[in-house]
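Make the full structure from the sequences, and use the hints.
Just so you know, we're using this note's numbering here: the sequence shown kicks off at 1 and counts up by one.
If you're looking for bench data, these hints aren't it; they were derived computationally from the structure.
Here a beta-carbon is modelled for each residue, glycine too, at the ideal position from N, C-alpha and C.
Treat the hints with caution; some may be incorrect.
Claimed, not checked - Using C-beta positions, here's what the derived DEER-type ranges look like:
#1 Glu40 to His136: 38 to 48 Å
#2 Gly165 to Glu23: 16 to 26 Å
#3 Gly112 to Ala161: 17 to 27 Å
#4 Leu211 to Ala161: 28 to 38 Å
#5 Asn44 to Asp262: 34 to 44 Å
#6 Arg273 to Val149: 39 to 49 Å
#7 Glu94 to Asp240: 27 to 37 Å
#8 Glu260 to Thr130: 34 to 44 Å
#9 Thr130 to Gln72: 17 to 27 Å
#10 Ala36 to His136: 20 to 30 Å
#11 Lys57 to Cys135: 35 to 45 Å
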Amino acid sequence: MTTSSHAMSGIEPFELFAIRYGEHTGRRASDNFIGADVHEAGRNLDYFVWVARRSDKVFVIDTGFNPTSAAQRGRTMLRLPADGVRALGIDPAEVDQVILSHLHYDHAGSLGAFPRACFHVQDAEAAYATGRCMCHGYLRHPFDVEDVVGFVRNVYADRVAFHDGFSELAPGLTLHKVGGHSAGLQIVRVWTKRGWVVVASDATHYYDNMLRGLPFPAVYNVGDMMEGFRTVQALADSSDHIIPGHDPLVMALYPPVSRELDGIAVRLDVAPRVDRG
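And the structure:
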C-alpha cells in the first residue's frame with residue numbers, strides 16, 4: 001500500500017490546496033477533545049475543502065456545508081465552497097471527480113454545485129448514513145437528511161463510485177478508509193513536489209488530536225479513531241505532511257496561493273512557512 005518517493009519520481013506531482021470557507025467560534029476545550037475541562041476555552045474550528053490538481057487530473061476533496069445548514073447550526077459561512085474552487089481558476093460545473101471523505105453536513109453539503117462530478121465514497125459510509133445507526137440522535141446529528149437524500153439521488157443517477165478500503169484513483173492519489181469519526185471516513189494520500197501529503201480530513205480535526213492522542217468528541221468508534229491517527233502518520237512523509245480537517249493553524253502554516261487569496265486559499269504542496277510549535 002505504501003509507495004516510496006523514489007518509486008514515484010517519474011509521476012507528475014499534484015498541486016494541492018486548502019480553501020477555507022467557514023468557521024465556528026466560541027468553542028470550549030471539551031468540544032474539541034474528549035476528557036478536556038468543560039470550563040476551558042477551546043480553539044475555533046475552520047472549515048475547508050481541498051483541491052488536488054495537475055495537468056491531467058483535477059480532484060475536489062469534499063464539498064462543504066451549504067447556507068441552510070450553516071444558519072441552522074450557528075456556523076459562519078465565509079464563502080460558498082464552490083466559489084473558493086472557482087477562485088483557483090477551476091469551474092465547479094466542469095469538475096468530474098469529487099472525493100467525499102465522509103457524508104457529514106460540512107463535507108457533503110453542496111453536491112449540487114458540482115453537476116458533472118462522480119462522487120467517490122466508501123461503502124461503509126453510505127451504509128452508515130442510511131442504516132440503523134441513524135436511529136440514534138447522537139450519531140445522526142452530524143448528518144443533514146437532505147444532504148443524504150441528495151447523495152442517494154446521485155447513486156440512482158449513476159454518479160457515485162464506491163470503494164472498500166484502499167483505492168488508487170490516479171498514479172499519485174489514493175484513498176484509505178480509517179473510520180472512527182464516521183464509520184466510513186476516508187483520507188486522501190497525494191503525491192506532491194514535496195513528497196506524500198495526507199489530507200486527513202476528520203481523521204484528525206486538529207493537529208493536537210493526533211499528536212497528543214486526544215480523540216475528538218464527535219465519534220462513531222474511538223478505537224478506530226485512535227488507530228486512524230497511526231494510519232495517517234504512516235502514510236505521510238512526516239507530521240509536516242499531514243493536513244488536519246479543521247485546524248486554523250493550516251492557514252498560518254502554509255502560504256497563500258496569491259495575494260488576492262490571502263486568508264482564503266493556501267498551498268499545501270510546499271513546506272510549512274512557520275514552525276507549528
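We went through each hint and held it up to the structure:
Evaluation of the 38 to 48 Å hint for Glu40 and His136 yields a failure: the beta carbon distance comes to about 28 Å. A hinted range of 16 to 26 Å is violated for the C-beta pair Gly165 and Glu23, which are about 33 Å apart. With their beta carbons about 18 Å apart, Gly112 and Ala161 fall inside the hinted range of 17 to 27 Å. In this structure, Leu211 and Ala161 meet the distance hint of 28 to 38 Å, their C-beta atoms being roughly 33 Å apart.
The beta-carbon spacing between Asn44 and Asp262, approximately 18 Å, falls outside the hinted interval of 34 to 44 Å. For Arg273 and Val149, the Cβ-Cβ distance of about 42 Å falls inside the hinted range of 39 to 49 Å, so the restraint holds. In this structure the hint that Glu94 and Asp240 lie 27 to 37 Å apart at CB holds, the actual value being about 33 Å. One distance hint, 34 to 44 Å for the beta-carbon pair Glu260 and Thr130, holds here, with the actual separation near 41 Å.
Taken as a hint, the range 17 to 27 Å holds for the pair Thr130 and Gln72, whose Cβ atoms sit roughly 21 Å apart. Hint check: Ala36 to His136, Cβ distance near 24 Å, so the stated range 20 to 30 Å holds. At about 39 Å, the CB distance of Lys57 to Cys135 agrees with the hint of 35 to 45 Å.
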